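Residues per chain, in single letters:
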Amino acid sequence: MDLLNVSGSPHVHSRESVKKIMWTVVIALLPTFAVSILSFGFDAVKLTLIAVASCLLFEWLIQKFLLKKPCSISDGSAVITGMLLAFNVPSNLPWWIMVIGALVAIGIAKMPFGGLGNNLFNPALVGRVSLLISFPQQMTTWPMPRPWFSHAAVDATTGATPLGMIKTGLAQGKDMGELMNQLPSYAQMLLGEQGGSLGEVAAIAIIIGGLFMLFRKVISWHIPVSFIATAFVFATILHAANPALYIPGSYHILCGGLLLGAVFMATDMVTSPMSGWGKIVFGCGCGLLTIIIRVWGAYPEGVSFAILLMNAVVPLLNKAFPPKRFGVTK
Amino acid sequence: MKTFRKGGIHPEENKLAHNTKLEEFPIQEKAVLYASQHLGAPAVVQVQKGDKVKVGQLLAKGEAFVSANLHSPYSGTVSKVEPAADLSGMKKPAIFIDVEGDEWEESIDRTPELKKEITLSPAEIIAKIKEMGIVGLGGACFPTHVKLSVPEGKKVEYLIINAAECEPYISIDNRILLERTEEFLTGTCVLRKALQLEKVHVGIEENKVEAIARLKELAANYPGVVVEVLKTKYPQGAEKQLINSITGREVPSGRLPLDVGCIVCNVSTTLAVYEAVQKNRPLIGQYMTFSGKSVTTPHNLYVRYGTPVQSLIEYCGGLPEDTGKVICGGPMMGRAMANLNVWTNKGFSSLLVINRKEAKRMEPQNCIRCGKCVEACPMGLEPYLLSANAKLNRWDETEKHHIMDCIECGCCQFSCPSYRPLLDLIRLGKNKTGGIIRARQQKK
Chain W
1 MDLLNVSGSP HVHSRESVKK IMWTVVIALL PTFAVSILSF GFDAVKLTLI AVASCLLFEW
61 LIQKFLLKKP CSISDGSAVI TGMLLAFNVP SNLPWWIMVI GALVAIGIAK MPFGGLGNNL
121 FNPALVGRVS LLISFPQQMT TWPMPRPWFS HAAVDATTGA TPLGMIKTGL AQGKDMGELM
181 NQLPSYAQML LGEQGGSLGE VAAIAIIIGG LFMLFRKVIS WHIPVSFIAT AFVFATILHA
241 ANPALYIPGS YHILCGGLLL GAVFMATDMV TSPMSGWGKI VFGCGCGLLT IIIRVWGAYP
301 EGVSFAILLM NAVVPLLNKA FPPKRFGVTK
Chain S
1 MKTFRKGGIH PEENKLAHNT KLEEFPIQEK AVLYASQHLG APAVVQVQKG DKVKVGQLLA
61 KGEAFVSANL HSPYSGTVSK VEPAADLSGM KKPAIFIDVE GDEWEESIDR TPELKKEITL
121 SPAEIIAKIK EMGIVGLGGA CFPTHVKLSV PEGKKVEYLI INAAECEPYI SIDNRILLER
181 TEEFLTGTCV LRKALQLEKV HVGIEENKVE AIARLKELAA NYPGVVVEVL KTKYPQGAEK
241 QLINSITGRE VPSGRLPLDV GCIVCNVSTT LAVYEAVQKN RPLIGQYMTF SGKSVTTPHN
301 LYVRYGTPVQ SLIEYCGGLP EDTGKVICGG PMMGRAMANL NVWTNKGFSS LLVINRKEAK
361 RMEPQNCIRC GKCVEACPMG LEPYLLSANA KLNRWDETEK HHIMDCIECG CCQFSCPSYR
421 PLLDLIRLGK NKTGGIIRAR QQKK
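If you're matching them up, the sequences are chains W and S in order. Numbering follows our numbering, with no gaps: position 40 of the first sequence is 40. Numbering follows our numbering, with no gaps: position 378 of the second sequence is 378.
Do not rely on the hints blindly, as some may be mistaken.
Subject to a maximum C-alpha distance of 25 angstroms in a straight line, what follows is the list of computed DSS-like cross-link-like pairs (lysine-lysine) [said to hold, decoys possible]:
{"hint": "1", "chain 1": "S", "residue 1": "432", "chain 2": "W", "residue 2": "20"}
{"hint": "2", "chain 1": "S", "residue 1": "360", "chain 2": "W", "residue 2": "324"}
{"hint": "3", "chain 1": "S", "residue 1": "357", "chain 2": "W", "residue 2": "19"}
{"hint": "4", "chain 1": "S", "residue 1": "400", "chain 2": "W", "residue 2": "324"}
{"hint": "5", "chain 1": "S", "residue 1": "360", "chain 2": "W", "residue 2": "19"}
{"hint": "6", "chain 1": "W", "residue 1": "319", "chain 2": "S", "residue 2": "432"}
{"hint": "7", "chain 1": "S", "residue 1": "391", "chain 2": "W", "residue 2": "69"}
Honestly, the hints are just simulated from the structure, not real lab data. In this text the structure is predicted, and so the values were computed from the model without any measurement.
Using the sequences plus the hints, can you model the full thing?
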């Protein structure tokens, strides 16, 4: 007879794996990808493929030649980084800028910290923000999405995102009520008819992906709910205080990258807190910072900065909000 | 549905022996009994080479307060008294018996009739339980008479019978509740009388539908028995979690169930108490499940202590082709056997065969900080942090983060998508941290 295995308990495993988790996120991103193809056509496919391929390539190169560690690109995390990076840029971004973004995301934000699990900041967001700072021109020219299934050329028009329109409109001294008439309607924002990055235009696709991840227990409700609720409440208070200056809370939720950020970026396991309360505080911080940056900052959009800033305090949140111990009263 | 406050998991239940009737394992030719089969001071061997023994005769005496008697499960001649390896390979003093016939002590009532009337006083019940060598058969083998002897100043409010049987595969509690219901219920009344309580709470997971129905039907005839149906969730049967599910109380960190007025006994123990007190029968064997995914016919057997594990395996059709691991106890908390050439002892509640695929541990990967271990931990600990600190020998950190509260249920390691050996490291950490704490207390 063969020798028996001997090890400590437990002797069974849930058979959950990093691979399964990561590929579940990839599947959850597919509805968003589908809408971006419908809205921006072949550009969406091209940019996403370039981003994913460069992320995989850089991770493989760094592991093989710099770290000399076994290759782990099949775990799917680089695919997610690539997809999220592509979803955070305008559809007409030159391909070589996309490659630079991937290099920053993988080569600076992820691998130097020790690869998957050890990075402090969300790699896709680091990539995105460095592109925004380095290539402000290309990163803020937004081709308008065409109506679904129409054959109109995609890049016929370029325009601003709703948030961009608000920022410039207010700077020109326009009234918010006046501006609202020019902005896309709620229905248009739900279905992806607004200017913006590849993956942020259609709220409905992001929500479907989020529910799928929630159902598969890849994310928990804490971060998306606290993120969105805080942003909503804060923006609603501002709107109530001065409707001429501030847009309604519900508009804030649906426009820009808030949903994409709350569902896919802030929930990144590696860069978010461990315990329920830690996650809630993290989400609240993201929501608060997003609105502060959007309303008073120089940039029209603040989701990426808000999440990155909150990423930095995750170790502190883990320390400050441990789970409630059983049988320990303090 | 009642359940514990935090954490827990749902492993595959695999209750393959759920509907398998209890049966008695045949008598073997040779028996080997470890002299000490309990937690506490070792028992003192009372026999020597050449002695004739009967079934039920005292073999080793628990002289200290926290110790337990051991009686002979077989009749025959003592061939030698010398150390034998136990299932973790440690040599322990043991009594070897050449079995001859099946001759019982006359004082033991072997008739199958139910003896419902309890004539002994509380003190006499506890003395009887001590005499008959009853220990907790849930796994810890803590002497039951010690558990029932409530120290001055402490008050028992709840007597809880642990019928949760939350470990996968194991099905003996379920079968005892179905087939020996009245004896079990009388056992609960004996324990209740010993503690002079009004009620006894039987905690059982909702997945044991038939057993719950049977218990509820017959409990009407046994005043004071409360059947508490609990959510099917591992580790529902862990002592602290069970107390929390039923009473809402939390045993304070580092304290005992008695500190929140609770005493917990398991189903097999309760049955043993019935037999000891009502039938004058010492603890000489217990029910156990033999099961596994590749096992063709699972069994629920009554096995006398000292039975060779090898002959048990042969009786059940041998080990399947793809055996990777053999476990004594449940798959979540049981011990992998390094040596099959051992004999059954008190607390041996199951023998499980894990196939090669499941026995193989996957290569650990980086922690992705998913928090699944934190979510799963029923004690509210942070297993990722404890294991990382244990790996770095930071024993002050492990102590600060309550490593000693870990109940080793295995929920963290079960849930970890990176296959990290969390519990291995935490166990090591507990060992080291516990040693440091004890040394510090001794200094004081």
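Going through the hints against the structure:
no.: 1; hint: S:432 x W:20; in the structure: violated, 35 angstroms
no.: 2; hint: S:360 x W:324; in the structure: violated, 34 angstroms
no.: 3; hint: S:357 x W:19; in the structure: holds, 19 angstroms
no.: 4; hint: S:400 x W:324; in the structure: holds, 14 angstroms
no.: 5; hint: S:360 x W:19; in the structure: holds, 18 angstroms
no.: 6; hint: W:319 x S:432; in the structure: holds, 23 angstroms
no.: 7; hint: S:391 x W:69; in the structure: holds, 21 angstroms
The earlier numbered hints that this structure contradicts are 1, 2.
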